[in-house]
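Using the sequences provided together with the hints, build the complete structure.
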Amino acid sequence: GCDSSELQRMRGDFQSIRSAFNAYRFDNGFYPSTDQGFSALIAKPVTAPIPEQWRQIAERIPTDPWGNEYRYCLLDDGKGEPPFKLLSSGPDGIHGNEDDLSSID
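Position one of the sequence shown corresponds to residue 803 (the working numbering), numbered consecutively onward.
Rather than coming from a laboratory, the hints here were simulated on the basis of the structure.
Here the structure is a predicted model, which is why all the values come from computation and not from measurement.
Think of the CB as a built atom: it goes at the ideal place given N, C-alpha and C, for glycine as much as any other residue.
Fair warning: there could be bad hints in the mix.
[Said to hold, decoys possible] If you anchor each label on the Cβ, the simulated ranges turn out as follows:
1. G831 x S807: 36 to 46 angstroms
2. D894 x G831: 29 to 39 angstroms
3. A825 x A850: 29 to 39 angstroms
4. Q810 x A850: 36 to 46 angstroms
5. E883 x P851: 28 to 38 angstroms
6. F828 x G898: 16 to 26 angstroms
7. I852 x D805: 37 to 47 angstroms
8. N899 x E854: 31 to 41 angstroms
9. D902 x S818: 13 to 23 angstroms
10. E871 x D907: 15 to 25 angstroms
11. K881 x S807: 13 to 23 angstroms
12. Q817 x D879: 30 to 40 angstroms
13. L809 x A850: 34 to 44 angstroms
Encoded structure:
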């Protein structure tokens, strides 16, 4: 399971990751696609939508308290509230089962 310090760290991570994706949107007018994901913050995307005002915002994909990379999912073309969700595979590191954690739960 997760203890409160791990959940607290994750909430802080979600906040700083959100800021990074919001900075990307501020620069380019849109969020990266789900496929582009975190890579769009690290290297300029070569698939559509291609950002005009690209700059590097992150050095690497951030990892959750259990050492696994967070995942990014664009919702509703970025028009919804929230525009995207961030996912952690949770303590077991396996994506798609019940200990997964999301930024919008």
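Hints versus structure:
1. G831 x S807: 36 to 46 angstroms: For S807 against G831, whose Cβ atoms are near 38 angstroms apart, the range 36 to 46 angstroms holds.
2. D894 x G831: 29 to 39 angstroms: holds (38 angstroms)
3. A825 x A850: 29 to 39 angstroms: violated (20 angstroms)
4. Q810 x A850: 36 to 46 angstroms: Given a distance of about 37 angstroms, which is inside 36 to 46 angstroms, the answer is holds.
5. E883 x P851: 28 to 38 angstroms: Given a distance of about 20 angstroms, which is not inside 28 to 38 angstroms, the answer is violated.
6. F828 x G898: 16 to 26 angstroms: violated (32 angstroms)
7. I852 x D805: 37 to 47 angstroms: With Cβ atoms ~42 angstroms apart, the hint holds.
8. N899 x E854: 31 to 41 angstroms: holds (39 angstroms)
9. D902 x S818: 13 to 23 angstroms: holds (20 angstroms)
10. E871 x D907: 15 to 25 angstroms: At roughly 19 angstroms between Cβ atoms, D907 and E871 fall inside 15 to 25 angstroms, so the hint holds.
11. K881 x S807: 13 to 23 angstroms: This hint is violated: roughly 35 angstroms between Cβ atoms.
12. Q817 x D879: 30 to 40 angstroms: Violated - the Cβ-Cβ distance for Q817 and D879, about 23 angstroms, lies outside 30 to 40 angstroms.
13. L809 x A850: 34 to 44 angstroms: Because 36 angstroms falls inside the window, the suggested range holds.
Checked against the numbered hints listed earlier, the structure breaks hints 3, 5, 6, 11, 12; every other hint is satisfied.
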